[in-house]
Amino acid sequence: MGLRVDFDVILSLVKDGTRVLDVGCGDGTLLELLTKKRGVDGRGLELSQQGVDQCLAKGLSVVQGNADRELVYYPNDGFDYVILSQTLQATCNPKKVLGELLRIGKRAVVSIPNFGYWRVRAALLFCGRMPVTKELSYSWYNTPNIHFCTIADFLDMAQEIGATVEEAVVLNRNGQPLAFKLPWNTLNLFGQQAVFLLRRV
Amino acid sequence: MKHENIHHACGNKVSQAIQPDSAVAFFGKDQPLQLDSGIVLSPFQIAYKTYGSLNTHKNNAILICHPLTCDQHVANPHPVTGKAGWWDSLVGCNGILNTNRYFIICSNVIGGCLGSTGPASVNPQTGQAYALDFPVITIGDMVRAQAMLVNKLGIDTLFSVIGGSMGGMQVLQWASAYKEKVFSAIILASSARHSAQNIAFGEIGRQAIMADPKWQGGRYIDTGETPSKGLAVARMTAHITYLSEGTLHRKFGRNLHERSEITFGFDADFQIESYLRHQGFSFVERFDANSYLYLTRAMDYFDLAAEHKGRLANAFQNTKTRFFIASFSSDWLFPTHESRIIVHALNAAGASVSFAEFETDKGHDAFLLHEPVMVSAIKGFLESGARAIRGLSGDGSTS
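If you're matching them up, the sequences are chains A and B in order. In case it helps, my numbering puts the first sequence at residues 32 to 232. In case it helps, my numbering puts the second sequence at residues 10 to 408.
Hints in this document: simulated from the structure, not taken from any laboratory. Cβ coordinates follow ideal geometry from the N, Cα and C atoms, glycine included. Heads up, a few of these hints could be off.
[As the list claims (entries may be wrong)] Now the in silico label distances, taken between C-beta atoms and shown as ranges: (1) B:Gly319 x A:Tyr169: 29 to 35 angstroms; (2) B:Ser291 x A:Leu42: 39 to 45 angstroms; (3) A:Ser43 x B:Val384: 52 to 58 angstroms; (4) A:Lys126 x B:Gln206: 34 to 40 angstroms; (5) A:Lys68 x B:Gln326: 27 to 33 angstroms; (6) A:Asn107 x B:Asn103: 45 to 51 angstroms; (7) B:Ser402 x A:Arg204: 39 to 45 angstroms.
[Unchecked claim] SDA-like mimics (lysine to any residue), calculated; alpha carbons at most 20 angstroms apart, straight line: (8) B:Lys190 x B:Thr65; (9) A:Lys67 x B:Arg399; (10) B:Lys38 x B:Val131; (11) B:Lys388 x A:Gln85.
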């Protein structure tokens, strides 16, 4: 897997020397970057055996487990940041998970693929089929991504659980950030993915 | 002839308890062992093996804590059975516990029967074997004795303490009682407390031993007899708990043993019966029945949370130790949820913890086997730790 574009954004949002939990840390690429470039005290949570093995080989602290079930066991305010990169859509209960992130961490960094992106909308509108994109190459019947949302949906949920969006970076298809000043409905149409920095109110 | 072999081996077993084929650290009257029961054990000795050599910084020592029925002979032929060391596949110049890099220590637990003071040792007050006059010991006592040995070897900090099952309990105790001495801790197929089910199996084993008339209230050593049948039954029961239904089915199924038809009798018709009988009787050759009572009791009494006001996380408060916890999917003796309890407590204490559950059908015994996923995970964990310590990274010399 090449370096994901949202990683750069996440790196820029996390302050040096902080405590970070990466939920769904995969092979540990982001956690390793954060450790090396930001000097964070990092921990990971990952479901797959392969990911856990790769993290261990990198010397990262990683717990094998499921975000839906394991997050409840982490203490309040245990971390400065809890990161959920491209994982929210694969959880059983995204709202509960987001609530847990903001309980465990002072801040949460959440990156999501945007189902409001115009190509996704166009695929459904013109082809009449569930969109399969380059980044999300699963078919509807085998996808682990069971809870897709759009940027607008995500913002609604953040408001419902009382989270403040401190920063948001919306990326286009080439991984370039779109101007933050643009109205949300434009970002929701042209952003392929988004990274949010959230804080508990 | 088979009978004579066993008799000879039993003689060897008793001599190993008193004069082991390994180094012995003797602790005289000036260095008593304060036991959790309130009793003071003194004098006492700890039999141990080391592999590799201690480097100049004295920061490359790894302590292996052995499980219930293993001993200090980790990586050399066993002095009684002649079989390869129980963790031979992990410890050696090509193993992940590389003896070119690390100084490996393993000691027989207090209460054991391979040379550390236990119920088969001579009670200096009577000149006879302690038998049931030996005080009941705990996991905490085992670890306290090990700490005295480590201190005697001139080691302040252990690079790692590693163990599975009862060994894992000792590692947890180490990480709790001697936080500053443990750089990293590896706990395999273990638990922070013995479950009701495990206590139940322990009790069956003990009752089997004590029901054997040759046990004689524990004084069998004086009469030269051994409660072999009781101990064998204890082992047979325990052995089933170390495997899984899947393994038993795969290895034995309903296959018949050296016969083509059932015999309508109570001989070992099935291969699994023959296998268990063999496991039982070969165990008797190398293990002391009283020691089995004491060590299973020590496991029953282990409850690390109870020692810390009922909250396991308290046991690890302010720890800087790096932890690696692992469980095996088909282990029903120390199932994954027991390991997760430890992980949750370590998370709550803000500790550095890694955890993996390995998929296998080999049951509890998987940690003793050369499971490739387990081996690669431990390797990765140890190497990352070694990178953080001066002079320990790389696979060259230890200096």
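Comparing the hints with the structure gives:
In this structure, Gly319 (chain B) and Tyr169 (chain A) break the distance hint of 29 to 35 angstroms, their C-beta atoms being roughly 46 angstroms apart. Between Ser291 (chain B) and Leu42 (chain A) the C-beta distance comes to about 58 angstroms, which lies outside the given range of 39 to 45 angstroms. The hinted range of 52 to 58 angstroms is not satisfied by Ser43 (chain A) and Val384 (chain B), whose Cβ atoms lie roughly 39 angstroms apart. Against the hinted window of 34 to 40 angstroms, the Cβ-Cβ separation of Lys126 (chain A) and Gln206 (chain B) comes to about 38 angstroms, which satisfies the hint.
As the Cβ distance of Lys68 (chain A) to Gln326 (chain B) is approximately 31 angstroms, the hint placing it in 27 to 33 angstroms holds. With their beta carbons about 46 angstroms apart, Asn107 (chain A) and Asn103 (chain B) fall inside the hinted range of 45 to 51 angstroms. Checked against the given bound of 39 to 45 angstroms, the beta carbons of Ser402 (chain B) and Arg204 (chain A), roughly 42 angstroms apart, stay inside it. In summary, the hint linking Lys190 (chain B) to Thr65 (chain B) is supported, as the alpha carbons are separated by about 17 angstroms, within the 20 angstroms threshold.
Simply put, Lys67 (chain A) and Arg399 (chain B) have alpha-carbon atoms about 19 angstroms apart, close enough for the 20 angstroms limit, and the pair holds. Only pairs whose Cα atoms come within 20 angstroms are accepted, and Lys38 (chain B) paired with Val131 (chain B) is accepted, the gap being roughly 16 angstroms. Between Lys388 (chain B) and Gln85 (chain A), the direct Cα distance comes to roughly 11 angstroms. Compliance with the 20 angstroms bound is thereby established for this hinted pair.
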